[in-house]
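Engineer: Given next are the chains, with one letter for each unit.
There are 2 protein chains.
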Amino acid sequence: MTYRPARRLADIEPFHVVELLTRARQLESEGRDIIHMEVGEPDFPTPEPITKAAVAAIQGGKTLYTQALGLPELRTAISDFYRERYGVAVAASRIAITNGASGALNLAFAALANPGDEWLLADPGYPCNRHILRTYEGCPISMPVGPDSNFQPTPAMLRQYWNEKTAGLLVASPANPTGTLLTLAEIEALAAVCREKQGHFLVDEIYHGLTYEIAAPTACAAGDDIWVINSFSKYFQMTGWRLGWMVIPEAYVRDVEKLAQNLVLCPSTPAQHGALAAFAPDTIAILEERRAEFRQRRDFLAPALEAIGFRVTARPEGAFYLYCDCSALADDSFTLARDLLEKTGVAATPGLDFGSNAPEKHIRFAYTTGVPRLAEAVERLRRYFGR
Amino acid sequence: MTYRPARRLADIEPFHVVELLTRARQLESEGRDIIHMEVGEPDFPTPEPITKAAVAAIQGGKTLYTQALGLPELRTAISDFYRERYGVAVAASRIAITNGASGALNLAFAALANPGDEWLLADPGYPCNRHILRTYEGCPISMPVGPDSNFQPTPAMLRQYWNEKTAGLLVASPANPTGTLLTLAEIEALAAVCREKQGHFLVDEIYHGLTYEIAAPTACAAGDDIWVINSFSKYFQMTGWRLGWMVIPEAYVRDVEKLAQNLVLCPSTPAQHGALAAFAPDTIAILEERRAEFRQRRDFLAPALEAIGFRVTARPEGAFYLYCDCSALADDSFTLARDLLEKTGVAATPGLDFGSNAPEKHIRFAYTTGVPRLAEAVERLRRYFGR
Numbered sequence: 001m002t003y004r005p006a007r008r009l010a011d012i013e014p015f016h017v018v019e020l021l022t023r024a025r026q027l028e029s030e031g032r033d034i035i036h037m038e039v040g041e042p043d044f045p046t047p048e049p050i051t052k053a054a055v056a057a058i059q060g061g062k063t064l065y066t067q068a069l070g071l072p073e074l075r076t077a078i079s080d081f082y083r084e085r086y087g088v089a090v091a092a093s094r095i096a097i098t099n100g101a102s103g104a105l106n107l108a109f110a111a112l113a114n115p116g117d118e119w120l121l122a123d124p125g126y127p128c129n130r131h132i133l134r135t136y137e138g139c140p141i142s143m144p145v146g147p148d149s150n151f152q153p154t155p156a157m158l159r160q161y162w163n164e165k166t167a168g169l170l171v172a173s174p175a176n177p178t179g180t181l182l183t184l185a186e187i188e189a190l191a192a193v194c195r196e197k198q199g200h201f202l203v204d205e206i207y208h209g210l211t212y213e214i215a216a217p218t219a220c221a222a223g224d225d226i227w228v229i230n231s232f233s234k235y236f237q238m239t240g241w242r243l244g245w246m247v248i249p250e251a252y253v254r255d256v257e258k259l260a261q262n263l264v265l266c267p268s269t270p271a272q273h274g275a276l277a278a279f280a281p282d283t284i285a286i287l288e289e290r291r292a293e294f295r296q297r298r299d300f301l302a303p304a305l306e307a308i309g310f311r312v313t314a315r316p317e318g319a320f321y322l323y324c325d326c327s328a329l330a331d332d333s334f335t336l337a338r339d340l341l342e343k344t345g346v347a348a349t350p351g352l353d354f355g356s357n358a359p360e361k362h363i364r365f366a367y368t369t370g371v372p373r374l375a376e377a378v379e380r381l382r383r384y385f386g387r
Numbered sequence: 001m002t003y004r005p006a007r008r009l010a011d012i013e014p015f016h017v018v019e020l021l022t023r024a025r026q027l028e029s030e031g032r033d034i035i036h037m038e039v040g041e042p043d044f045p046t047p048e049p050i051t052k053a054a055v056a057a058i059q060g061g062k063t064l065y066t067q068a069l070g071l072p073e074l075r076t077a078i079s080d081f082y083r084e085r086y087g088v089a090v091a092a093s094r095i096a097i098t099n100g101a102s103g104a105l106n107l108a109f110a111a112l113a114n115p116g117d118e119w120l121l122a123d124p125g126y127p128c129n130r131h132i133l134r135t136y137e138g139c140p141i142s143m144p145v146g147p148d149s150n151f152q153p154t155p156a157m158l159r160q161y162w163n164e165k166t167a168g169l170l171v172a173s174p175a176n177p178t179g180t181l182l183t184l185a186e187i188e189a190l191a192a193v194c195r196e197k198q199g200h201f202l203v204d205e206i207y208h209g210l211t212y213e214i215a216a217p218t219a220c221a222a223g224d225d226i227w228v229i230n231s232f233s234k235y236f237q238m239t240g241w242r243l244g245w246m247v248i249p250e251a252y253v254r255d256v257e258k259l260a261q262n263l264v265l266c267p268s269t270p271a272q273h274g275a276l277a278a279f280a281p282d283t284i285a286i287l288e289e290r291r292a293e294f295r296q297r298r299d300f301l302a303p304a305l306e307a308i309g310f311r312v313t314a315r316p317e318g319a320f321y322l323y324c325d326c327s328a329l330a331d332d333s334f335t336l337a338r339d340l341l342e343k344t345g346v347a348a349t350p351g352l353d354f355g356s357n358a359p360e361k362h363i364r365f366a367y368t369t370g371v372p373r374l375a376e377a378v379e380r381l382r383r384y385f386g387r
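For the record, the sequence lines run as chains U and R. First residue of the first sequence? That's 1 in our numbering, and the numbers climb one at a time after it. First residue of the second sequence? That's 1 in our numbering, and the numbers climb one at a time after it.
You can trust all of the hints, since none of them are fake.
Sample of chain U residues at the chain R side, in silico, Cβ under 8 Å:
no.	residue
1	Ala113
2	Asn114
3	Thr239
4	Gly240
Hint data in this document are derived by calculation from the structure and do not stem from the laboratory. Quick caveat: nothing in here was measured; it's all calculated off a predicted structure. Glycine is no exception: its CB is placed at the ideal position from the N, C-alpha and C atoms.
In isolation and in its complexed conformation, chain U is listed as follows (with noise of 0.2 Å):
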């Protein structure tokens, strides 16, 4: 049969710095000392608390379907979690639990992008989003974003990109690969915009928890009409249980359920009785005290950098990423980026997997690392500048 695979796939990208990880593997087996400042992962082990949880409904035979929503118990506790943490009160019927927040974006657009609608979204951003509306036949449309806001999109941008074929926007708080916030007063008049657009408004949160001078306020504060996605990967460090959640305004339950129920039929049933456990006071003490490890890497790591010569444009107040302007050092992010894998066994993400706006001056650093190894990183980067 002729190869012939549908259109879409034209316009999706795969991760670029896999390149750059297949090498960093490569070297690796060949005894060379990698130290990761590419991978969107916490180094952090899932705490104890939620391992023993799903070890023991593995155990108890908890291993059926669940419902296509999700464990009423579980989307409970996340309700309960929002009116604790935020004051803020979100039904327990209006949570559905996902395949992670990447399960829940499929979801999100599948109920409501059509074919051609077009959807904002800041450019630099998380590459999956804009392929996953693209997946649904939506049209991301980018808008670029610096310094000036933040990274962040503004009413005024919203107003200018908007049109008659326009369907909703998405924004994410803490950004990837930024680390910015939004505030709520931000997110009000993003709102507001949507609203009188007659657009949706989906905002990622997928980074709460993970912020360092300022609790990022919730999009559920500002209005029950607001898509909010959010996960356990990364506060929760339940990376590779694939769980997430999703705030739906009621109008879409029903609509989200039935996609639910044939496109992914339940969550992983393991992973949620594990995620029962996430909100018990032991796992948040656990996941404060990482909270603050992430803080002293970043209040490490991006001085550091500047003092290299790199620019953090971006005020990292989230997330566990620096978003550097590399431009006084290098003319093209991705060859710097290779060369610093090949000469310094430094690996960190170009700007080419985050969008199209000026990929080719900016370089991502996680700080999924512990400080010993980033300061290892930083001298590498200092000999290789000859700073």
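Given the coordinates of chain U, work out where chain R should sit on it, guided by the hints.
Structural biologist: Here is chain R on its own, set in the frame of chain U:
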């Protein structure tokens, strides 16, 4: 913001049986004894070697992201399984590990379906398949199948339904809800038509392993241009773990990998580590005992239902379902299913959930409960129908 779901939602149905399930749970909470014959889930727990392997991985901290297409050692184990069980060579590089068979079908249609393309499916059939296709903007075209062709499509049907918009064919062997098989010669004949028409050919083999007279042949033996979908849910009894796999024609491996990177990141890591134990001799020994038990159930239930007046017109060669013509007993199977639940406490799935080919005349009984309970169900049905 106004309620404005994507247009596809109008074509995607919920599971109708859920309404019955909700009522069944209500009756149970009132103390009624319900015999569940509506459930498409084995009643056996996940085999202990699999749960032990998963627990060891979790306790060993193996809970990080894996490669997008899954753990290389699991892909190799599946490749070995094809060689040992079927005598067919399937390169590990062609195998993608997925979020259940659902995840596999999502990736397949995301990779292949263009908006407006028509795809041929058998009716009755598993309803999610056509809904997943619709989600990626393909158009499912139902081919009514019946006892004449053992509820499977034939080359003549393909020629009748194929037109310039047709992109491909999806079949299932063993099929749900009928349990009927395709022989290798039949698969080859369908593949030949697909090749002649330059179409794609997908074969759902998620009930493989659960066959009772003859071993189901795999479509992998009929050409490396066929997409084959399988699952750890049914034979391996890992439903809630959400793990499956797909054999991909070589030319599309990179496309599916790109999609997996962007849409799912990776399948569940604990589930993958559990599945590494799925092919071990001690696991297979457990599964083969359970298969013998399923066969006993089928051999008890089929004649017992026929004695009451149900007609098992589809040869139930595999899976764990009996798809019965109930037109001699009732005018409408949905009403019948509701009445059986209320008056006898026997829950079954009405034909409505499997398509639009005479659904009112059909009802599906799952033998996912032991013979003593099946005997009790038969006794209740006998009394209900006065036989």
